[in-house]
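Just so you know, the sequences run in chain order Z and C.
Residues 1 to 85 (the numbering used here) make up the first sequence, in order.
Residues 86 to 238 (the numbering used here) make up the second sequence, in order.
Derived by calculation from the structure, the hints in this document are not laboratory data.
One or more of the hints may lead you astray.
[Unchecked claim] The list that follows gives simulated cross-link-like pairs (lysine-lysine, DSS-like), each with its CA atoms no further than 25 Å apart:
no.: 1; chain 1: C; residue 1: Lys217; chain 2: C; residue 2: Lys140
no.: 2; chain 1: Z; residue 1: Lys37; chain 2: C; residue 2: Lys140
no.: 3; chain 1: Z; residue 1: Lys47; chain 2: C; residue 2: Lys238
Computed from a prediction, not measured in an experiment: that's the story for all the values here.
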Amino acid sequence: MADPSDKPVADFSDVQSGSSSTAPGTPAAKPQSYTVKSGDSLSKIAKHVYGDADKWHAIFEANRDKIKNPDLIHPGQVLDLPPNT
Amino acid sequence: MRQLRSHRMLGRGAVLGVALIALGACSKKADETTIQSSGNVAPAAFQVADVQLGKGIGADKRVANTTDTFAPTDTIYASVHTTGTAQNATVAAHWTYQDGQTVNDQTETISPTADAYTEFHISKPSGWPAGKYTLHVMVNGQEVQTKDFTVNK
């Protein structure tokens with residue numbers, strides 16, 4: 001009979017999270033960054049972070065020194081995430 | 086005699102008239118009190134009105150597609166609707182798995198002047214383990230609401 005303690009424990013170490021509010025007073029200058037993963041695109045990151053894929057422009061503009069071509073980002077690249085406006 | 090009676094009646098009428106005027110004055114005063122008290126409204130207490138879960142969020146920080154069932158690859162969004170005003174209130178989301186494990190903790194400090202929506206989202210690139218999860222919403226360190234949800238394989 002299998003020991004219940006052998007049951008694999010769920011691993012949540014790679015959970016990514018974010019938050020924002022319509023209320024004023026939210027510290028706006030919270031520095032945020034994002035590490036590009038395989039399969040990511042700027043619009044995919046924008047959708048994940050801001051809930052709006054069209055905000056990829058804002059990420060691109062904030063990272064002009066790191067991104068020459070917005071269609072070409074590399075896994076492991078650390079991008080600055082501008083505050084959601 | 087007749088004159089005396091008419092004087093008495095006149096006296097009763099005067100008493101009744103004074104009483105009616107006094108009653109009118111009282112009711113007028115009561116109305117004024119009501120207006121005064123409603124014109125002096127205290128700031129609304131800050132509280133959580135509603136918490137919604139879903140797979141998407143709008144620019145207004147409200148959940149677009151509300152659901153309590155998710156797929157392993159979904160980003161899970163929670164929108165906390167608060168009413169009232171506050172200065173530097175903390176709204177926190179504490180996400181837990183069915184075995185009690187903490188999945189994630191997030192805190193937003195807000196100073197709302199009216200109704201506000203605060204969103205929290207979590208994702209897991211390697212996929213959520215199937216099972217039951219709970220979102221605990223805390224305001225200034227006190228748990229105010231919980232939401233259960235399920236991740237199906």
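Taking the hints in turn, this is what the structure says about them:
1. Proposed proximity of Lys217/C and Lys140/C is supported: the alpha carbons are some 16 Å apart, at most 25 Å.
2. The hinted pair formed by Lys37/Z and Lys140/C meets the criterion: a straight-line CA distance of about 21 Å does not exceed 25 Å.
3. For the given pair, Lys47/Z sits about 23 Å from Lys238/C by alpha-carbon distance, which is consistent with the 25 Å threshold.
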